[in-house]
Amino acid sequence: MSDFLKLSQSSVASTCKVDAKIKGAYRFLKNDQVSLAHILESHIQSTIQRIEPGQYLLNLQDTSGLNFHYHKSKKDRGHIGTSPQNKDSLGYWLHSGLLCSTEGVPLGISYQEFWARQKVNRENKNKNEKNQGLDVNQ
0 MSDFLKLSQS
10 SVASTCKVDA
20 KIKGAYRFLK
30 NDQVSLAHIL
40 ESHIQSTIQR
50 IEPGQYLLNL
60 QDTSGLNFHY
70 HKSKKDRGHI
80 GTSPQNKDSL
90 GYWLHSGLLC
100 STEGVPLGIS
110 YQEFWARQKV
120 NRENKNKNEK
130 NQGLDVNQ
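For the sequence shown, numbering that gives the first Met the number 0 assigns the number 0 to the initial residue and increments by one for each residue that follows.
It should be emphasised that the hints constitute simulated quantities derived from the structure, not laboratory data. In this text, a Cβ means the ideal position worked out from N, Cα and C, and glycines have one as well.
With beta-carbon atoms standing in for the labels, derived distance ranges:
1) Tyr69 / Ile38: 23 to 29 angstroms
2) Gln32 / Ser63: 23 to 29 angstroms
3) Gly64 / Gly103: 23 to 29 angstroms
4) Ser63 / Pro83: 15 to 21 angstroms
5) Thr101 / Glu40: 23 to 29 angstroms
6) Lys16 / Gln117: 35 to 41 angstroms
Lysine-lysine pairs mimicking DSSO-like chemistry, simulated, CA-CA at most 30 angstroms apart:
7) Lys22 / Lys74
8) Lys16 / Lys71
9) Lys29 / Lys73
10) Lys22 / Lys71
11) Lys22 / Lys73
12) Lys16 / Lys29
13) Lys74 / Lys16
14) Lys20 / Lys71
15) Lys86 / Lys74
16) Lys16 / Lys73
17) Lys20 / Lys74
18) Lys20 / Lys73
19) Lys71 / Lys29
20) Lys71 / Lys86
21) Lys86 / Lys73
22) Lys29 / Lys74
When you get a sec, could you build the whole thing from the sequences and use the hints?
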(Lines of atoms letter the chains of each structure in order from A and count residues from 1; the text may use other names and numbers.)
(Lines give C-alpha, C1' and ligand atoms only; values in the text may rest on other atoms or scores of the structure.)
Protein backbone atom coordinates (compact mmCIF):
# COMPACT_ATOMS: atom_id res chain seq x y z
CA MET A 1 0.00 0.00 0.00
CA SER A 2 2.93 2.36 0.50
CA ASP A 3 3.43 2.28 -3.29
CA PHE A 4 -0.05 3.75 -3.77
CA LEU A 5 0.66 6.62 -1.41
CA LYS A 6 3.78 7.54 -3.37
CA LEU A 7 2.15 7.48 -6.81
CA SER A 8 -1.59 7.95 -6.27
CA GLN A 9 -2.14 9.35 -9.79
CA SER A 10 -0.70 6.29 -11.57
CA SER A 11 -2.25 2.99 -12.58
CA VAL A 12 -1.92 -0.06 -10.35
CA ALA A 13 0.52 -1.72 -12.76
CA SER A 14 2.79 1.31 -13.14
CA THR A 15 2.74 1.95 -9.39
CA CYS A 16 3.40 -1.60 -8.19
CA LYS A 17 5.65 -2.76 -11.09
CA VAL A 18 6.13 -6.31 -9.66
CA ASP A 19 3.54 -8.97 -10.53
CA ALA A 20 3.11 -10.11 -6.91
CA LYS A 21 2.45 -6.52 -5.76
CA ILE A 22 0.02 -5.92 -8.62
CA LYS A 23 -1.91 -9.09 -7.75
CA GLY A 24 -1.98 -8.14 -4.07
CA ALA A 25 -3.24 -4.65 -4.86
CA TYR A 26 -6.09 -5.97 -7.00
CA ARG A 27 -7.03 -8.52 -4.32
CA PHE A 28 -7.23 -5.70 -1.78
CA LEU A 29 -9.31 -3.47 -4.07
CA LYS A 30 -11.75 -6.28 -4.94
CA ASN A 31 -12.11 -7.57 -1.37
CA ASP A 32 -15.79 -7.30 -0.31
CA GLN A 33 -14.71 -7.00 3.32
CA VAL A 34 -12.88 -3.72 2.60
CA SER A 35 -15.25 -0.77 2.67
CA LEU A 36 -15.10 2.98 3.08
CA ALA A 37 -16.82 2.63 6.46
CA HIS A 38 -14.21 0.16 7.79
CA ILE A 39 -11.25 2.25 6.62
CA LEU A 40 -12.84 5.48 7.83
CA GLU A 41 -13.60 4.10 11.31
CA SER A 42 -9.91 3.73 12.19
CA HIS A 43 -9.15 7.23 10.91
CA ILE A 44 -11.96 8.75 12.99
CA GLN A 45 -10.79 6.89 16.12
CA SER A 46 -7.26 8.24 15.59
CA THR A 47 -8.69 11.75 15.11
CA ILE A 48 -10.62 11.50 18.40
CA GLN A 49 -7.43 10.49 20.24
CA ARG A 50 -5.67 13.66 19.00
CA ILE A 51 -8.33 16.00 20.42
CA GLU A 52 -7.46 17.62 23.75
CA PRO A 53 -10.27 18.18 26.30
CA GLY A 54 -11.78 21.66 25.94
CA GLN A 55 -10.00 22.27 22.63
CA TYR A 56 -11.78 24.46 20.07
CA LEU A 57 -11.88 22.85 16.63
CA LEU A 58 -12.62 23.81 13.05
CA ASN A 59 -14.39 21.27 10.85
CA LEU A 60 -13.36 22.10 7.28
CA GLN A 61 -15.66 20.53 4.69
CA ASP A 62 -15.54 20.02 0.95
CA THR A 63 -17.54 18.16 -1.68
CA SER A 64 -15.66 16.87 -4.72
CA GLY A 65 -16.88 15.29 -7.92
CA LEU A 66 -14.85 12.21 -8.89
CA ASN A 67 -14.96 11.72 -12.65
CA PHE A 68 -15.24 8.04 -13.62
CA HIS A 69 -16.83 8.75 -17.01
CA TYR A 70 -14.60 6.34 -18.95
CA HIS A 71 -14.69 3.56 -16.34
CA LYS A 72 -17.48 1.54 -17.94
CA SER A 73 -17.11 -1.28 -15.39
CA LYS A 74 -18.48 1.05 -12.69
CA LYS A 75 -22.21 0.42 -13.22
CA ASP A 76 -23.34 2.53 -10.24
CA ARG A 77 -21.84 5.83 -11.48
CA GLY A 78 -24.08 8.87 -11.30
CA HIS A 79 -24.34 12.35 -12.77
CA ILE A 80 -21.56 14.73 -11.66
CA GLY A 81 -21.93 17.50 -14.23
CA THR A 82 -21.82 18.40 -17.89
CA SER A 83 -18.64 18.66 -19.93
CA PRO A 84 -17.90 21.55 -22.31
CA GLN A 85 -19.01 19.25 -25.14
CA ASN A 86 -22.44 19.16 -23.39
CA LYS A 87 -22.03 15.49 -22.49
CA ASP A 88 -23.07 14.18 -19.10
CA SER A 89 -20.09 13.27 -16.95
CA LEU A 90 -20.43 10.19 -14.78
CA GLY A 91 -18.84 9.45 -11.45
CA TYR A 92 -19.33 9.89 -7.74
CA TRP A 93 -19.51 12.63 -5.12
CA LEU A 94 -17.28 12.66 -2.04
CA HIS A 95 -18.02 14.93 0.93
CA SER A 96 -15.28 15.09 3.59
CA GLY A 97 -14.71 16.87 6.87
CA LEU A 98 -11.24 17.59 8.26
CA LEU A 99 -10.86 18.59 11.91
CA CYS A 100 -8.20 21.23 12.57
CA SER A 101 -7.09 23.14 15.62
CA THR A 102 -7.68 26.90 15.65
CA GLU A 103 -3.95 27.19 14.85
CA GLY A 104 -4.55 25.29 11.60
CA VAL A 105 -3.01 21.98 12.66
CA PRO A 106 -4.90 19.10 10.98
CA LEU A 107 -6.10 16.50 13.47
CA GLY A 108 -7.76 14.10 11.06
CA ILE A 109 -10.91 13.14 9.23
CA SER A 110 -14.19 13.87 10.99
CA TYR A 111 -16.65 12.68 8.37
CA GLN A 112 -16.82 11.26 4.88
CA GLU A 113 -19.71 10.33 2.61
CA PHE A 114 -19.53 8.81 -0.86
CA TRP A 115 -22.50 8.59 -3.23
CA ALA A 116 -23.70 8.52 -6.82
CA ARG A 117 -26.38 10.98 -7.92
CA GLN A 118 -29.09 9.98 -10.35
CA LYS A 119 -28.82 11.40 -13.84
CA VAL A 120 -30.51 14.78 -14.30
CA ASN A 121 -33.18 14.89 -17.00
CA ARG A 122 -32.92 18.46 -18.31
CA GLU A 123 -35.77 18.09 -20.80
CA ASN A 124 -38.38 17.47 -18.10
CA LYS A 125 -37.30 20.28 -15.76
CA ASN A 126 -39.38 23.45 -15.65
CA LYS A 127 -38.31 26.94 -14.49
CA ASN A 128 -39.66 26.47 -10.95
CA GLU A 129 -37.52 23.38 -10.43
CA LYS A 130 -34.32 24.98 -11.72
CA ASN A 131 -33.07 26.31 -8.37
CA GLN A 132 -34.12 23.34 -6.26
CA GLY A 133 -31.47 20.95 -4.99
CA LEU A 134 -31.39 17.28 -5.91
CA ASP A 135 -32.18 14.61 -3.37
CA VAL A 136 -28.87 12.71 -3.13
CA ASN A 137 -30.55 9.79 -1.38
CA GLN A 138 -32.61 8.79 -4.42
